[in-house]
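Below are the chains, spelled out letter by letter.
There are 2 protein chains.
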Amino acid sequence: MGQAAKKASFQLATAPTAQKNKALAIIADELEANAAAILAANIKDIELGRAAGLTDALLDRLLLNQQRLSDIAADVRNVIHLNDPVGSEIDSKILENGMSLARRRVPLGVVGVIYEARPNVTIDIAALCLKTGNASILRGGKETFFSNMELVKVIQIALEKAGLPTSSVQYIEKPDRELVSQLLKLDDYVDMIIPRGGAGLHKMCKENSTIPVIIGGFGISHIFVDESADLVKSVAVVENAKVQRPSACNSLDTLLVHEKVAKEFLPMLVAKINQQVTFVLDKSAKSFINADNQRDATEGDFDTEWLGYTLGIKVVKTIDEAIDHMQVHNASHSDAIMTESLRNAELFINSAGSAAVYVNASTRFTDGAQFGLGAEVAVSTQKLHARGPMGLEELTSYKWVGKADYLVRK
Amino acid sequence: MGQAAKKASFQLATAPTAQKNKALAIIADELEANAAAILAANIKDIELGRAAGLTDALLDRLLLNQQRLSDIAADVRNVIHLNDPVGSEIDSKILENGMSLARRRVPLGVVGVIYEARPNVTIDIAALCLKTGNASILRGGKETFFSNMELVKVIQIALEKAGLPTSSVQYIEKPDRELVSQLLKLDDYVDMIIPRGGAGLHKMCKENSTIPVIIGGFGISHIFVDESADLVKSVAVVENAKVQRPSACNSLDTLLVHEKVAKEFLPMLVAKINQQVTFVLDKSAKSFINADNQRDATEGDFDTEWLGYTLGIKVVKTIDEAIDHMQVHNASHSDAIMTESLRNAELFINSAGSAAVYVNASTRFTDGAQFGLGAEVAVSTQKLHARGPMGLEELTSYKWVGKADYLVRK
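These protein sequence lines map, in sequence, to chains W and L. According to our numbering, the residues represented by the first sequence are 1 to 410, in order. According to our numbering, the residues represented by the second sequence are 1 to 410, in order.
To be clear, the hints were calculated from the coordinates, so they are not data collected in a lab. Among these hints, one or two may not hold up.
As the list makes no split between identical chains, a pair holds if one copy fits it or if it spans any two.
With a straight-line Cα cutoff of 20 Å, these simulated DMTMM-like cross-link-like pairs (lysine to aspartate or glutamate) come out [as the list claims (entries may be wrong)]: (1) Lys-206 <-> Asp-188; (2) Lys-185 <-> Glu-207; (3) Lys-317 <-> Asp-282; (4) Lys-403 <-> Glu-239; (5) Lys-283 <-> Glu-259; (6) Lys-44 <-> Glu-227; (7) Lys-263 <-> Glu-340.
All chains should be modelled from the sequences, with the hints used to inform the complete structure.
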C-alpha cells in the first residue's frame, strides 16, 4: 500500500492542475449520481451504531442525507476553484555566480490520515490531497465503514475516469488496529501523518509514529482584559468567545482580568452571560462575582478545555502575571488581549505561546475559512512545518531549484 | 533541564536583537580570552582519544588550536551581522471583517541538538539558536567532553554578562546514553531535535523521539546527461560534482547518460578523471568504458553513497528511464540534469524527489553558504518544515497575529 502510494505520488507530482481538477469535478458528480447507494450504506452504519449504543450526538455526526451529500459535493467543487500551490516559486534570486535559485512548491508526497466518525472527512481530505498532488492513505473510524466504502468507490471511479492512478487515494479497510501501527512506521513511503480526532489519537500517533505527525486542536484559550481595555466592548468579545459555539476548540476557557478593572468589568460580564455559563473562580476572583452558577476552582481547572458553557476566571495584578499563568497552563491554541496599550499588545503577542494571538478580537476566529485559506486540512498546535489553520499550501513542501550555464563550484 | 529551557525560551522570545547580539559578541571575545583553558582541555580530549585508538582523521576533527579557535570566534561574529528573522511578518492581509492578519516569525522555543565529534558544533549551534531566540539543550560526543565543558563555560559567562538566563544554553554532561533517550521524549518542553552525525544517529532519533526530528544529510546524488546536453561543458560539471570534494554528501554518486550520447560523452569523461576515479558500471555502460579502474556493478551499488572517488554509471534509453532509476534509488539530496531542452529540464525538476535539483550545474552547490543563507544549521532531506540547507529562518516558527477593534465572530 505504501509502495503503491509512493508510486502514485510521483505521477501526481507532475499531473497538470487541469487533470487534478477534472478528477475533483468527477468526484462531485459521482457523489450525486451514486447518492442512493451511499445513503443506503450510511443507513447500515447508523443502524449498527444505534445497536452498539452510540449517543444521539455521535449518530448525528455519522449521518448522511441528501442535503449533507450535496454540501460535500459543493465543498469538492469549491476546492476546484482554489489556486493550486504546486509549482509556484518563492524567494527566487540570482546568486553572484549567476545561478538562478528559487524554492519551488511541490507536493509532500504521501499523506496518511487517521480520523474518527464523520464520513465527510473521507471526501474532504481526499480532495485536498488530490488538489495538491499528494497521494493519500486513509483510515476512517469503524462506525462509518459502510459509508466510507461507498465514498472510496466514488473516488476510485473518478481517478480512473480522469486518468490518474487509482492508488492515489487508498483506504485501509480491515478493522485490525495493528494496521494503524504499521502505517505509522512506513517512513520510507509516507511523508506526513494527520490525525483528526481526540487527544488520545494524537498521543498515540505522536508516540508510535516514525513519520512526522501534525499535532493539533488542543490548548487552553485565554482572554486577558488589560486595565486599559474598553470594558463595554470587551464584554461583547468575551461573550462571543465563550458562548457563540462553546464546543469549538477555539472557544474561551479562561478569562484573566486586571485587578484595576475587575470590579467594574466582571459584574458587567456576569450580567450578560449569567444564564448560560457556570463560573469557575480562582480565589482572586471570588469577591467580584455573584452568579447563579459558580464554584471555586480546584486543581486542574485551569488546565481544562471546557468545550461547553463553563468559564474559569482569575484576577491578576499585572500583565506579567497573566502571561505567567498562560505559560504554565498550556496556552498553545488561541489567545487574546483586550487593551488600548500598544506596548501591552506587543508584549502579549510575543509572549503568548499560542498558534493564534489576537488583539481586541475573539479567539473564535482561528479557522481556515475565517483566515481566508479556502480550505482547512487541520489546525496545528505544534511549531514545525505549519501552525494554526492549515490550508493547501501546508500540504506542500518545497525543493530548491538551481539553473545555470554548466556551472561548477569553485 | 527541559523545564528550565522552556522557561528561558519564553524570556528569549522577547529579548531584543541587540541583547542577543551582545551575548554573541561576548561569546566571541571570551573564546579568545579563555583560549589557554580551552586548548588545555582539548589536549586532554586528544590524549584520551589517542589512547582509545581513534583514527588520525577523527583526531583531526577533535582538534582545536589557536587558528581554529579564532575561526570559531569569527563565525560567531558573522552571526551577529545576519538579519534576525524573529518578529518579521509574512503574508499580512486585511480580512473583509476588518481584521489585520499576518504570520509573525517567532522562535521555535527549545531545540535539542545531538552531535558527534567536532567541538566547533557546540559554539556554532548555540550561537544560531541564541540569534533566533531559541533555548538549546546540547549533547556532544564523549570524545570532546573536556573541550565542550570549557566551551559551555564560555557560553554561560556570556549569557550572564548579557543579562540572559544561563539556562538558554544547557549541556547534558553525564555520559549516560539513557539521558539521550529521555531527551527524545521531552515533547512537553522541547520543540525540535536536530541530530548532527551519521545515519545511525538519525535513525535512532527518528525511531525513539516523540519530538519532531530534522532528518538530513543522506541520499544518492545523480547527474543525468540528456541527449541534448553540451557534452564538453557537461564533462566539466560531472568532474566538479565527483572530484572537487568527494567526501561531501552533495558529491556525485551515480551518473546516468542518454544512450544517444553515451559513445561520445563517456570516453571524454573517462579521459578526464580516469586517474582519480574508480568506475562502477551497470551492464548498459560497459561497452562505452575502458578505464584503469573499473568493475561491474552489483546489488546495492546504486544505493550506495560513495563519499569517495567512486562513480556508478548507467546508460539509459530515455529521460523517463533515468527518472525511474532515481525514484527507486533514493534521489533525495541533490540531483542535476545536463540538457538544452526546456521540456526535459522541467520534467526532471518536477520528477526528482530531491531537496535540491539543478539544471546545468554541479550538485556540489547544495550548501547554506553557497545558497546565501549566511549560516547552515543542517541539511534536511525530509519534506516537512525545512528542506535542503537550513538557515536562521528554519529555526523559527510563526504565529498568526490578528488585530481588530473588539471584533466578534458572526
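Hints, one by one, checked against the model:
Taking identical chains as interchangeable, the C-alpha atoms of Lys-206 and Asp-188 lie at most 20 Å apart whether they share a chain (17 Å) or sit on different chains (12 Å). Proximity of Lys-185 to Glu-207 under the C-alpha cut-off of 20 Å is found in both arrangements, the shortest distances being 11 Å within a copy and 9 Å between copies. Proximity of Lys-317 to Asp-282 under the C-alpha cut-off of 20 Å is restricted to the intra-copy arrangement: shortest distance 13 Å within a copy versus 75 Å between copies. For the homomeric pair Lys-403 and Glu-239, the shortest alpha-carbon distance between copies (18 Å) is at most 20 Å, but the shortest distance inside one copy (56 Å) is not.
In this homomeric assembly, Lys-283 and Glu-259 come within 20 Å of each other (Cα to Cα) only inside a single copy, at 13 Å, whereas the closest approach across copies is 81 Å. For the homomeric pair Lys-44 and Glu-227, neither the shortest alpha-carbon distance inside one copy (57 Å) nor that between copies (59 Å) is at most 20 Å. Taking the shortest Cα distances, Lys-263 and Glu-340 sit within 20 Å of each other inside one copy (19 Å), while across copies they are farther apart (76 Å).
The structure fails to meet hint 6 from the earlier list, while all remaining hints are met.
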